[in-house]
Amino acid sequence: MEKILLKNIHKEDSFKIETYLAGGGYVALKKALKERPDDIIQLVQDSNLRGRGGAGFPAGLKWSFIPKDPTMQKYLACNADEGEPGTFKDRAIIDNDPHLLIEGMIITSFAIGASSSYIYIRGEFEFGASRLEEAIAEAYEKGYLGDNILGTGFNLDMAVHRGAGAYICGEETALLDSLEGRRGQPRIKPPFPAIAGLYGKPTVINNVETLSCIPAIVEKGAKWFAAIGPEKSPGPKIFGVSGHVERPGLYELPMGTSAREIIFEHSGGMLGGKKFKALIPGGVTAPMLVEEELDTGMDFDSLAALGSMLGSGGMIVMDETTCMVRVSWIINKFFSHESCGKCTPCREGTTWLTKVLYRIEHGEGNAGDVELLDRICGNIFGRTFCPLGDGAVMALRGCMKHFRDEFVYHVEHKRCKVC
Amino acid sequence: MLTEETKTHIEGLLNKYKTRRSAVMPALMHAQKQNAGNLTEEDMREVADYIGLNPVVTNEIVGFYTMYNPLKDIGTYHIQVCANLSCSLRQAEFIIEYLEKKLDIKSGETTKNKRYTLTRVECLGSCGTAPMMQINDDYFEDLTVSKVDEILSNLD
Ligand SMILES: Cc1cc2nc3c(=O)[nH]c(=O)nc-3n(C[C@H](O)[C@H](O)[C@H](O)COP(=O)(O)O)c2cc1C
Ligand code: FES
Numbered sequence: 001m002e003k004i005l006l007k008n009i010h011k012e013d014s015f016k017i018e019t020y021l022a023g024g025g026y027v028a029l030k031k032a033l034k035e036r037p038d039d040i041i042q043l044v045q046d047s048n049l050r051g052r053g054g055a056g057f058p059a060g061l062k063w064s065f066i067p068k069d070p071t072m073q074k075y076l077a078c079n080a081d082e083g084e085p086g087t088f089k090d091r092a093i094i095d096n097d098p099h100l101l102i103e104g105m106i107i108t109s110f111a112i113g114a115s116s117s118y119i120y121i122r123g124e125f126e127f128g129a130s131r132l133e134e135a136i137a138e139a140y141e142k143g144y145l146g147d148n149i150l151g152t153g154f155n156l157d158m159a160v161h162r163g164a165g166a167y168i169c170g171e172e173t174a175l176l177d178s179l180e181g182r183r184g185q186p187r188i189k190p191p192f193p194a195i196a197g198l199y200g201k202p203t204v205i206n207n208v209e210t211l212s213c214i215p216a217i218v219e220k221g222a223k224w225f226a227a228i229g230p231e232k233s234p235g236p237k238i239f240g241v242s243g244h245v246e247r248p249g250l251y252e253l254p255m256g257t258s259a260r261e262i263i264f265e266h267s268g269g270m271l272g273g274k275k276f277k278a279l280i281p282g283g284v285t286a287p288m289l290v291e292e293e294l295d296t297g298m299d300f301d302s303l304a305a306l307g308s309m310l311g312s313g314g315m316i317v318m319d320e321t322t323c324m325v326r327v328s329w330i331i332n333k334f335f336s337h338e339s340c341g342k343c344t345p346c347r348e349g350t351t352w353l354t355k356v357l358y359r360i361e362h363g364e365g366n367a368g369d370v371e372l373l374d375r376i377c378g379n380i381f382g383r384t385f386c387p388l389g390d391g392a393v394m395a396l397r398g399c400m401k402h403f404r405d406e407f408v409y410h411v412e413h414k415r416c417k418v419c
Numbered sequence: 001m002l003t004e005e006t007k008t009h010i011e012g013l014l015n016k017y018k019t020r021r022s023a024v025m026p027a028l029m030h031a032q033k034q035n036a037g038n039l040t041e042e043d044m045r046e047v048a049d050y051i052g053l054n055p056v057v058t059n060e061i062v063g064f065y066t067m068y069n070p071l072k073d074i075g076t077y078h079i080q081v082c083a084n085l086s087c088s089l090r091q092a093e094f095i096i097e098y099l100e101k102k103l104d105i106k107s108g109e110t111t112k113n114k115r116y117t118l119t120r121v122e123c124l125g126s127c128g129t130a131p132m133m134q135i136n137d138d139y140f141e142d143l144t145v146s147k148v149d150e151i152l153s154n155l156d
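Keeping their order, the protein sequence lines are chains R and Z. Sequential numbering from 1 applies to the first sequence in the numbering used here. Sequential numbering from 1 applies to the second sequence in the numbering used here.
If you're looking for bench data, these hints aren't it; they were derived computationally from the structure. Note that this is a predicted model, so its numbers are computed, not measured. Positions of the beta carbon are idealized from the N, C-alpha and C atoms, including for glycine. Some hints here could point you the wrong way.
Taking lysine to any residue and the SDA-like style, the derived pairs with C-alpha atoms no more than 25 Å apart in a straight line are [as the list claims (entries may be wrong)]:
| hint | chain 1 | residue 1 | chain 2 | residue 2 |
| --- | --- | --- | --- | --- |
| 1 | R | 16 | Z | 64 |
| 2 | Z | 72 | Z | 135 |
| 3 | R | 355 | Z | 64 |
| 4 | R | 333 | Z | 141 |
| 5 | R | 275 | Z | 105 |
| 6 | R | 417 | Z | 72 |
| 7 | Z | 7 | R | 126 |
| 8 | R | 414 | Z | 97 |
| 9 | R | 333 | Z | 16 |
| 10 | R | 355 | Z | 106 |
| 11 | R | 342 | Z | 55 |
| 12 | Z | 18 | R | 134 |
| 13 | R | 16 | Z | 137 |
| 14 | R | 355 | Z | 93 |
| 15 | Z | 18 | R | 159 |
| 16 | R | 11 | Z | 98 |
| 17 | Z | 16 | R | 153 |
| 18 | Z | 16 | R | 133 |
| 19 | R | 355 | Z | 120 |
| 20 | Z | 7 | R | 165 |
| 21 | Z | 16 | R | 127 |
| 22 | R | 342 | R | 183 |
| 23 | Z | 18 | R | 140 |
| 24 | R | 275 | R | 342 |
| 25 | R | 16 | Z | 120 |
| 26 | R | 275 | Z | 129 |
| 27 | R | 355 | Z | 7 |
| 28 | R | 333 | Z | 98 |
| 29 | Z | 18 | R | 137 |
| 30 | Z | 7 | R | 159 |
| 31 | Z | 106 | Z | 74 |
Short, incomplete list of chain R residues facing chain Z, as computed with Cβ under 8 Å [claimed, not checked]:
| hint | residue |
| --- | --- |
| 32 | 164 |
| 33 | 330 |
| 34 | 331 |
Given the sequences, and given the hints that come with them, work out the whole structure.
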């Protein structure tokens with residue numbers, strides 16, 4: 001497949017505006033500014049582009065919820081928090097092709113009528129934040145940002161806001177609170193951000209990869225985009241492969257490419273020729289797949305049909321030597337560390353799960369601990385303020401569904417079955 | 001005490017946002033940088049004063065986000081090693097143990113000469129080049145023991 005999202009990242013000085021322009025950059029912006037904003041929203045709806053941040057919500061539909069009142073202040077916030085373990089795709093665009101994102105953001109802002117936009121980037125991405133700041137300065141200089149952009153009367157400001165270490169700020173409403181200078185804790189919905197978002201004004205929040213698809217859609221059309229991969233979940237997708245494969249890295253492929261192809265062809269197969277055991281398909285939240293499920297297409301609907309999810313497309317591959325109790329403990333420790341503390345089932349539940357998983361993993365499990373895990377999961381799932389707690393449960397249940405025997409073995413024999 | 005440079009920086013931040021409060025996170029981070037990676041109580045109060053917030057607000061923020069280091073003794077080089085899943089599958093534990101031995105501290109501690117602090121952290125978004133660590137602002141990826149040796153010996 002022709003590369004869309006990663007086409008520039010290996011070019012020399014790929015991050016500079018001159019390189020981006022030489023590769024046809026900002027042509028889509030010029031085209032978009034000649035259209036009516038509503039037509040661009042329609043175009044994105046027709047393309048069937050779905051959000052790449054994890055939930056897969058149709059991007060054009062989200063934009064269409066923004067009130068049309070031109071006197072109302074509106075905002076665009078780009079979600080560059082990239083916190084879901086196993087995910088490292090947005091960083092490639094931010095570090096190496098920042099103008100692709102910026103162009104996507106300008107077009108999106110024009111479509112929804114936003115005059116102010118922010119990129120919320122995780123605090124640890126110091127390098128990426130300065131790359132973005134330099135690129136934004138270049139775009140202002142060329143007249144792609146600021147007042148009266150390219151003489152069209154459209155005004156847009158853009159700034160980078162750095163997080164400071166909190167996974168929950170990737171959740172869109174927590175992100176907004178953080179942008180407002182508060183602790184990042186999710187807000188109650190409704191109202192949805194499209195109605196009352198940043199500073200109480202209509203706001204669109206989209207992931208880096210989602211926004212980076214926009215220039216190509218404007219340039220090549222909705223039909224072209226919708227024809228890549230499955231009809232209801234189309235487009236190019238960056239799969240980030242990590243763990244026990246020969247060639248971990250980023251692979252841009254059509255949505256719906258099979259997990260088997262990505263692991264065994266693109267990523268060079270299993271590390272050291274060991275046997276495959278399990279795949280987490282979309283960041284640690286996404287329930288695991290086993291060997292028999294590897295022919296599944298990596299897209300939103302195919303994975304949902306299996307009870308898993310595409311999430312961020314961060315694929316973590318594990319071989320036969322991997323202890324699944326340990327994996328679950330590591331994942332849950334993460335969730336309990338990152339629980340924002342706002343609601344009790346998540347705050348206490350994830351902490352409790354981690355405690356029980358710790359003792360099972362360390363050969364100190366008690367009889368009944370495996371059932372205890374089930375009960376705690378049941379008391380968290382569906383009872384939390386935001387999806388973080390649900391995510392912890394999905395990950396653990398996904399692992400226990402396939403590897404319950406390992407948990408039981410750990411408790412009964414006080415040691416691991418596989419390592 | 002906030003330096004003049006930090007105050008100028010905060011002044012610039014205030015223009016970026018609709019409310020003064022939105023500048024509080026980057027302002028605190030700048031104050032921490034100015035102070036070699038440590039955030040003092042005095043600076044937190046001064047940031048609050050400067051922006052016009054109750055000091056409770058800066059306390060809350062600093063307590064919530066993990067990248068602020070209030071009253072901690074962070075060394076000149078803050079080595080943060082990712083111990084999340086992808087890194088762990090690629091032997092992050094081995095790298096952490098090696099660093100603990102080499103620096104003669106446990107993770108979470110600072111060497112006596114205040115040169116190094118070693119911390120075990122969650123995913124840093126670099127899972128495809130695991131194992132990895134961050135030293136101050138910089139990422140170091142695809143780590144091996146000999147690479148760790150080389151990185152540390154090149155630090156200043
Ligand atoms: C706990 C949690 C963490 C999240 N982290 C991220 C993240 O790091 N990056 C991201 O783009 N979306 C993240 N999301 C999803 C966002 O809430 C939101 O759906 C997304 O930014 C919308 O953009 P999209 O429609 O373009 O995907 C997270 C959601 C939850 C519940
Ligand atoms: S798991 Fe270590 S950087 Fe993501």
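Item checked: Given hint residue 16(Z) paired with residue 333(R) - CA-CA distance at most 25 Å -> violated, 36 Å
Notebook entry, point to check: Given the hint that residue 16(R) pairs with residue 64(Z), does the C-alpha gap stay at or below 25 Å?
Noted result: violated, 36 Å
Notebook entry, point to check: Between residue 16(Z) and residue 133(R), is the straight-line Cα distance small enough, at 25 Å or below?
Noted result: The hint holds at about 12 Å.
Next item on the list: Sort out whether residue 93(Z) lies within 25 Å of residue 355(R), counting only the CA atoms.
Entry: holds, 20 Å
Notebook entry, point to check: Does residue 135(Z) lie within 25 Å of residue 72(Z) when you go C-alpha to C-alpha?
Noted result: holds, 17 Å
Note to self: Just to be careful, I want the Cα atoms of residue 16(Z) and residue 127(R) compared with a cutoff of 25 Å; is the pair within it?
What the structure shows: Holds. Residue 16(Z) to residue 127(R) sits at ~20 Å (cutoff 25 Å).
Notebook entry, point to check: Are the Cα atoms of residue 342(R) and residue 183(R) separated by 25 Å or less?
Noted result: With Cα atoms ~10 Å apart, residue 342(R) and residue 183(R) stay inside 25 Å; holds.
Notebook entry, point to check: Does the structure keep residue 106(Z) and residue 74(Z) at a Cα separation of 25 Å or less?
Noted result: holds, 14 Å
Next item on the list: Starting from residue 355(R), check that the Cα of residue 7(Z) is at most 25 Å away, please.
Entry: It is violated: about 44 Å lies between the C-alpha atoms, which goes past 25 Å.
Item checked: residue 11(R) paired with residue 98(Z) [C-alpha distance capped at 25 Å] -> violated, 36 Å
Note to self: Given residue 330(R) as an interface hint, is its Cβ closer than 8 Å to any Cβ of chain Z?
What the structure shows: With a minimum Cβ separation of about 5 Å from chain Z (threshold 8 Å), the hint on residue 330(R) holds.
Note to self: Run the distance test for residue 18(Z) versus residue 140(R): straight-line Cα separation, threshold 25 Å.
What the structure shows: holds, 20 Å
Hints 1, 5, 6, 9, 16, 24, 25 and 27 from the list above are not met by this structure, while the remaining hints are.
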